[in-house]
Amino acid sequence: MFTTPDGVFRALSSAGMDDWQALVESRLWRELQDEGHVVATEPADIGAVPDLLAEEAAGVLHHERMPLVSYPYEWPFSMLKDAARLQLELNQRALRAGLALKDATPYNVQWRGTRPVFIDIGSFERLRPGEPWAGYRQFCTLFLYPLMFQAYKDLPFHAALRGSLDGIAPRDARAVLAGERFRKGVISNVLLHARLESRYAGADGGEVRREMRRAGFSTELLAANFRKLEKLVRSLEWKSGETAWTSYGEHNTYDDAAAASKAKFVREAAARRRARLVWDVGCNDGRYARVAAESADLVLAFDADHATVDALYRRLRDEGREDILPLVMSVTDPSPDIGWRGRERASLERRGTPELLLCLAIVHHVCITGNVPVREFLDWLRSLDAALVIEFPDRADPMVQRLLSGKREGSNPDYQKALFERALQERFAIECSVPVSETRTLYAARPQA
Amino acid sequence: MSGTQLSILGDAVLAYLDPGTGSMLVQLLVGGVAAVGVAAKLYWHRILRLFRIRKTEPEPDRER
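Residue numbers (our numbering), protein chains in the order written: chain A, 1 to 449; chain B, 450 to 513.
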């Protein structure tokens with residue numbers, strides 16, 4: 001894969017070119033392109049990719065560029081579930097077209113807002129009848145086990161996926177899910193899988209594959225497996241319950257008039273210049289992300305509270321929104337560069353910085369709960385070089401009081417409105433500010449040159 | 450940005466999978482009744498043989 005200013009290119013080997021030919025000649029390809037389930041792709045000239053030697057590649061494809069790349073350790077449960085369902089749907093439809101997908105990783109799924117798009121064209125290949133699904137183990141480690149952790153154990157999967165790009169190994173899944181053996185899919189996909197994997201660790205894979213073909217492993221069996229997995233994934237539900245945040249939108253500390261004036265302020269600030277990308281930091285129920293989306297191509301709405309983001313995703317998905325991407329992420333612990341040489345999966349900032357930042361009712365959580373000095377937080381915001389809308393609740397604010405109540409007297413002495421304003425002015429030109437309540441003030445600002 | 454760079458999509462171009470033997474075998478069982486039925490109808494005895502053959506192989510690591 002190559003990213004150039006002209007877009008995303010994929011170099012194919014001659015075997016890859018054969019598989020690509022099989023794919024484009026199938027009716028499935030046209031359908032998938034029309035439905036938008038698969039990234040828009042066309043053949044390109046090898047010369048389109050500089051530094052690529054002709055002998056290294058038999059052909060080159062050009063892909064549509066996704067607006068913003070995201071990773072499964074940033075997705076809420078329902079997003080990972082929908083990505084898993086897309087993967088299985090593609091597997092089933094490919095099978096009917098005489099094709100297969102050779103792997104099964106959520107990193108092959110990206111999002112147009114809340115619509116999943118499969119991006120790995122190189123995953124399609126000609127079906128080899130009688131062969132089991134090569135992607136099954138990966139489907140388990142990166143889709144199924146994370147979903148089961150959340151659905152069966154209420155155990156967030158993000159740390160496990162961020163901790164290992166290979167996901168959760170069968171034996172590790174067994175350690176967590178052994179007590180859930182009567183839940184759907186656990187005995188076969190987890191317990192037996194882990195057992196067979198250790199039992200046959202040294203076996204000759206080619207020999208087993210031949211034996212399985214002779215034993216009658218057929219395309220029908222493959223189809224039955226996909227159907228069964230699809231039913232299993234569909235049945236997985238996360239009863240997220242009510243966290244401190246899921247009902248925040250209804251029970252927050254302002255009245256309706258304050259919320260309306262806040263929305264008006266955000267709307268006017270966002271409308272000053274149409275943004276390609278907005279970050280809504282600590283988006284909560286997404287109310288202001290929706291307002292910002294009126295004047296933006298895409299709003300990345302992120303929040304550390306998984307249940308809140310899951311609820312937001314489901315609402316936006318049901319509305320068919322393509323202009324808001326909801327992710328689970330803490331601003332005090334954002335996604336880092338990971339994988340091979342730290343280049344496989346990029347930190348959030350390396351994937352595209354915003355032109356507008358919304359920091360509404362977040363600075364007290366970062367600076368008091370997260371113990372990030374106010375100036376340090378503003379330094380980071382300034383480094384993003386974007387227009388800023390920020391809300392500052394002063395020390396008398398009931399929520400600030402609550403956050404401070406668990407701390408020693410005089411904690412976070414830099415958390416003062418006057419100090420905040422001075423630090424803000426040192427980094428940004430304040431365009432306007434209005435009080436939204438007795439204890440909260442909104443500022444719209446531009447970075448100082 | 451000039452020239453080319455390793456894509457941040459980090460596509461596993463060279464990393465398509467060896468599914469692993471255990472992961473292949475378990476696929477004879479994950480399909481539930483329908484899948485097992487298909488397998489059973491065809492060559493169930495061969496599957497049994499397959500499992501038996503593997504079991505009779507010496508496992509020096511575990512005997513120690």
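Among the hints, a few may not be true.
[Claimed, not checked] Looking from chain A toward chain B, a few residues come up when the C-beta cut is under 8 Å (computed):
(1) 129
(2) 152
(3) 193
(4) 199
(5) 221
(6) 380
The set of hints was computed from the structure by calculation and includes no laboratory data.
It should be emphasised that the depicted structure is a prediction, and the values quoted were computed from it without experimental measurement.
Cβ atoms here follow ideal geometry from the backbone N, Cα and C, with glycine treated the same way.
Evaluated hints:
1. 129: 13 Å, violated
2. 152: 17 Å, violated
3. 193: Holds, about 5 Å.
4. 199: Residue 199 of chain A check passes; min Cβ-Cβ to chain B is 6 Å, inside 8 Å.
5. 221: At about 5 Å, which falls below the 8 Å cut-off, the nearest Cβ of chain B leaves the hint on residue 221 of chain A intact, so it holds.
6. 380: Hint violated; residue 380 of chain A Cβ to chain B Cβ min 21 Å, cut 8 Å.
The structure shown violates the earlier hints numbered 1, 2 and 6.
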